[in-house]
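Taken in order, these protein sequences are the chains called D and X.
Quick note on numbering: my numbering labels position 123 of the first sequence as 123, and the sequence is numbered without any gaps.
Quick note on numbering: my numbering labels position 162 of the second sequence as 162, and the sequence is numbered without any gaps.
Please keep in mind that the hints were generated in silico from the structure rather than gathered at the bench.
Since this is a predicted model, take the numbers as computed values, not measurements.
Accuracy of the hints is not assured; some may be wrong.
Copies of the same chain look alike in the list, so a pair counts if it fits in one copy or across any two.
As the list claims (entries may be wrong) - No farther apart than 20 Å at their CA atoms in a straight line, the calculated lysine to aspartate or glutamate pairs in the EDC-like style are these:
| id | residue 1 | residue 2 |
| --- | --- | --- |
| 1 | Lys20 | Glu32 |
| 2 | Lys296 | Asp325 |
| 3 | Lys252 | Asp111 |
| 4 | Lys27 | Glu133 |
| 5 | Lys27 | Glu172 |
| 6 | Lys252 | Asp300 |
| 7 | Lys296 | Glu68 |
| 8 | Lys296 | Asp313 |
| 9 | Lys20 | Glu119 |
| 10 | Lys20 | Asp325 |
| 11 | Lys296 | Glu202 |
Number of protein chains: 2
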Amino acid sequence: MTAQQMRTPTPEGVLRAAAKIADLLVKTPLIEAEVNGTAVWFKAECLQPVGAFKIRGAWHRLSDLSAEERARGVVGVSSGNHAQGVAWAARRLGIPATIVMPVDAPQVKIDATRGMGAEVVLYDRPGGEDRDEVAQRLIDQSGAVLVHAFADPWVIEGQGSAGVEIAGQMAERGLDGPTRIVCPCGGGGLTAGLALACPDAEIVPVEPEGWDDVRLSLEAGEIVGVPDPSHPTACDALQTPATRPINFAVLKGRVPRGLVVTPAEVRAAQRWAFANLHLVVEPGGAAALAAVLAGKTPIDGRTVMILSGGNTDPQAFATVLSRAD
Amino acid sequence: MTAQQMRTPTPEGVLRAAAKIADLLVKTPLIEAEVNGTAVWFKAECLQPVGAFKIRGAWHRLSDLSAEERARGVVGVSSGNHAQGVAWAARRLGIPATIVMPVDAPQVKIDATRGMGAEVVLYDRPGGEDRDEVAQRLIDQSGAVLVHAFADPWVIEGQGSAGVEIAGQMAERGLDGPTRIVCPCGGGGLTAGLALACPDAEIVPVEPEGWDDVRLSLEAGEIVGVPDPSHPTACDALQTPATRPINFAVLKGRVPRGLVVTPAEVRAAQRWAFANLHLVVEPGGAAALAAVLAGKTPIDGRTVMILSGGNTDPQAFATVLSRAD
Numbered sequence: 001m002t003a004q005q006m007r008t009p010t011p012e013g014v015l016r017a018a019a020k021i022a023d024l025l026v027k028t029p030l031i032e033a034e035v036n037g038t039a040v041w042f043k044a045e046c047l048q049p050v051g052a053f054k055i056r057g058a059w060h061r062l063s064d065l066s067a068e069e070r071a072r073g074v075v076g077v078s079s080g081n082h083a084q085g086v087a088w089a090a091r092r093l094g095i096p097a098t099i100v101m102p103v104d105a106p107q108v109k110i111d112a113t114r115g116m117g118a119e120v121v122l123y124d125r126p127g128g129e130d131r132d133e134v135a136q137r138l139i140d141q142s143g144a145v146l147v148h149a150f151a152d153p154w155v156i157e158g159q160g161s162a163g164v165e166i167a168g169q170m171a172e173r174g175l176d177g178p179t180r181i182v183c184p185c186g187g188g189g190l191t192a193g194l195a196l197a198c199p200d201a202e203i204v205p206v207e208p209e210g211w212d213d214v215r216l217s218l219e220a221g222e223i224v225g226v227p228d229p230s231h232p233t234a235c236d237a238l239q240t241p242a243t244r245p246i247n248f249a250v251l252k253g254r255v256p257r258g259l260v261v262t263p264a265e266v267r268a269a270q271r272w273a274f275a276n277l278h279l280v281v282e283p284g285g286a287a288a289l290a291a292v293l294a295g296k297t298p299i300d301g302r303t304v305m306i307l308s309g310g311n312t313d314p315q316a317f318a319t320v321l322s323r324a325d
Numbered sequence: 001m002t003a004q005q006m007r008t009p010t011p012e013g014v015l016r017a018a019a020k021i022a023d024l025l026v027k028t029p030l031i032e033a034e035v036n037g038t039a040v041w042f043k044a045e046c047l048q049p050v051g052a053f054k055i056r057g058a059w060h061r062l063s064d065l066s067a068e069e070r071a072r073g074v075v076g077v078s079s080g081n082h083a084q085g086v087a088w089a090a091r092r093l094g095i096p097a098t099i100v101m102p103v104d105a106p107q108v109k110i111d112a113t114r115g116m117g118a119e120v121v122l123y124d125r126p127g128g129e130d131r132d133e134v135a136q137r138l139i140d141q142s143g144a145v146l147v148h149a150f151a152d153p154w155v156i157e158g159q160g161s162a163g164v165e166i167a168g169q170m171a172e173r174g175l176d177g178p179t180r181i182v183c184p185c186g187g188g189g190l191t192a193g194l195a196l197a198c199p200d201a202e203i204v205p206v207e208p209e210g211w212d213d214v215r216l217s218l219e220a221g222e223i224v225g226v227p228d229p230s231h232p233t234a235c236d237a238l239q240t241p242a243t244r245p246i247n248f249a250v251l252k253g254r255v256p257r258g259l260v261v262t263p264a265e266v267r268a269a270q271r272w273a274f275a276n277l278h279l280v281v282e283p284g285g286a287a288a289l290a291a292v293l294a295g296k297t298p299i300d301g302r303t304v305m306i307l308s309g310g311n312t313d314p315q316a317f318a319t320v321l322s323r324a325d
């Protein structure tokens with residue numbers, strides 16, 4: 001990793017990312033609805049062109065590359081949504097992109113990444129292969145630039161642009177900014193970005209059962225990995241074994257605690273979003289809503305939930321809709 | 001029906017409705033995507049608070065009632081989406097509402113209408129009971145004001161506000177207005193409203209197989225009902241036996257032709273919207289997209305499709321996702 005990549009993400013960087021993204025993408029809607037009679041807001045990032053917020057960080061990163069770096073190409077490492085974000089940005093900028101994806105990623109995500117012209121290299125996640133090692137080999141061979149899914153200052157700043165939009169959309173409606181933002185959390189890229197973007201809001205990261213490395217790390221005051229990186233979860237987008245120093249440095253002291261949701265709570269949230277919002281939300285994308293519906297966080301004041309992605313196989317979604325749990 | 005209700009809907013009325021609705025509701029997003037490499041736009045009315053565009057006409061109608069009319073209450077007749085629109089507007093304005101709904105309407109629509117505080121009176125649609133007669137009996141008893149689902153000047157003007165928003169959202173992006181708007185069509189309320197709202201756009205109504213009364217009427221130059229009003233269709237929202245003079249007067253001469261889509265084309269469109277837009281669209285709401293995907297209309301220039309509603313039972317949607325047709 002180059003020294004440049006290890007610079008500290010800043011609130012100013014978040015604002016610069018937000019300005020670049022405002023020039024590029026139509027704002028995703030901020031939808032008001034009610035949970036148990038209380039008004040809440042949803043930032044519908046599943047409506048982004050790649051179906052997830054990951055387009056933000058990827059665009060901020062790739063559009064800041066020099067001509068020389070662009071010529072060398074980029075390597076992304078992702079379970080699927082960051083893959084599509086990098087592939088989308090790379091195609092738009094004419095940069096060759098290779099994405100390292102787990103062999104057990106949802107097929108829709110693998111297909112969509114290839115469909116955007118990126119080369120996909122699969123690695124054996126269930127067998128414990130280290131994706132960062134696979135990426136490093138590719139980089140050693142080609143000299144390409146690594147675009148990490150969360151441990152990258154540009155990526156953190158880019159994801160934070162969602163927070164800038166939320167505050168702006170609330171102001172347009174005559175509302176003060178968010179009291180709290182509840183967000184799905186994998187490695188902590190989005191969480192750190194929102195913490196930088198919205199200094200006055202409580203930021204509540206939500207992780208799936210078995211993949212609560214950020215929660216454990218916040219509790220311990222230091223980075224702690226998950227005890228069992230083979231624990232099964234439907235939340236493929238949030239399946240990160242451990243956060244990284246660049247993320248934890250932002251979160252520590254700023255984010256008091258994380259929450260955990262069960263598989264049944266996630267499915268209930270997907271069904272709630274289907275019935276009440278008419279949105280398709282993937283399991284990981286529904287984690288924040290799952291925590292709210294389960295009563296795991298207060299929703300007084302102005303609570304915003306991020307619906308972070310909507311890329312899910314039709315058969316998997318049909319199964320969730322058909323279940324009664 | 002009172003003389004007041006039979007006034008002619010006007011472009012000025014559409015603009016007045018649009019202004020009222022802009023004060024009330026956040027604009028639904030206009031989403032850009034590609035069909036076979038051509039850019040197209042979707043007006044995502046399934047993201048309205050009641051999950052359908054019907055909130056527009058209902059609000060324009062009910063908010064224009066006098067204090068004396070409000071006290072008498074309103075009666076709506078609807079397969080489900082207009083029901084929810086009327087119930088939503090009535091609750092907000094403190095007006096008692098009774099809705100006549102078919103006994104075979106999707107359960108989610110019946111439950112949602114009741115959930116918004118309206119009284120629901122079921123009628124036997126499969127058995128051929130005339131819903132307008134049921135409504136008239138209620139009106140004779142209570143003196144309530146009829147809010148027809150499509151044959152009402154306020155309702156037509158209100159639905160047309162979607163066209164005003166589309167033109168405005170395209171202008172914000174530096175685009176000229178729509179070349180054509182393809183829209184799901186039941187009785188012709190939305191179609192007539194869009195025709196008034198967007199005089200320079202081609203308006204293309206799309207109906208489901210067996211329920212193509214507007215297409216037949218445009219072809220014949222006079223109002224023609226469907227040959228078999230017991231024909232089964234998944235598009236419950238578009239199940240109207242015949243358009244009415246107030247609608248046909250706007251459409252005749254202005255809308256050259258209508259299109260028809262098959263059940264399989266509708267299902268394919270629902271799956272396309274799931275995978276590419278991450279939106280839940282009900283069968284009737286997907287009719288315009290179905291026609292476009294089936295190549296039944298050109299999409300050169302700037303083609304906008306209305307995704308008119310998203311209220312569908314989870315089990316029905318799961319079945320659509322699971323089918324391979």
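Check your understanding: How would you classify Lys20 and Glu32 at a CA-CA limit of 20 Å: within, between, both, or neither?
Key -> For Lys20 and Glu32, only the inter-copy Cα distance (19 Å) is at most 20 Å; the intra-copy one is 26 Å.
Check your understanding: How do Lys252 and Asp300 come out at 20 Å by Cα distance, when the copy is not named: within, between, both, or neither?
Key -> Cα proximity of Lys252 and Asp300: none, with 24 Å in one copy and 53 Å across.
Point to revise | Homo-oligomer pair classification [Glu119, Lys20; C-alpha up to 20 Å] | key: Neither: 26 Å inside a chain and 50 Å across chains, both beyond 20 Å.
Practice item. Could you place Lys296 and Glu202 in one of the four classes (within, between, both, neither) given a Cα distance threshold of 20 Å? Key: So Lys296 and Glu202 pass the 20 Å test inside one copy only (14 Å; across, 51 Å).
Practice item. Give the relationship of Lys252 and Asp111 under a CA distance limit of 20 Å: within one copy only, between copies only, both, or neither. Key: neither (37 Å within a copy, 46 Å between copies)
Exercise for review: Go through the copies and call it for Lys296 and Asp313: within, between, both or neither, with a Cα cutoff of 20 Å.
Suggested key: neither (28 Å within a copy, 28 Å between copies)
Review point. 20 Å Cα cut-off: does Lys27 pair with Glu172 within a copy, between copies, both or neither?
Key: For Lys27 and Glu172, the Cα distance is within 20 Å both inside one copy (13 Å) and across copies (12 Å).
Practice item. Go through the copies and call it for Lys296 and Asp325: within, between, both or neither, with a Cα cutoff of 20 Å. Key: within (18 Å within a copy, 42 Å between copies)
Practice item. Indicate which option fits the pair Lys296, Glu68 if close means a Cα-Cα distance not exceeding 20 Å: within, between, both or neither. Key: For Lys296 and Glu68, neither the intra-copy (48 Å) nor the inter-copy (47 Å) Cα distance is at most 20 Å.
Review point. From the Cα coordinates, with 20 Å as the cut-off, is the pair Lys20 and Asp325 best called within, between, both, or neither?
Key: neither (43 Å within a copy, 42 Å between copies)
Review point. Which holds for Lys27 with Glu133 at a C-alpha limit of 20 Å: within a copy, between copies, both or neither?
Key: neither (36 Å within a copy, 46 Å between copies)
In this structure, the hints that do not hold are numbers 3, 4, 6, 7, 8, 9 and 10, in rising order.
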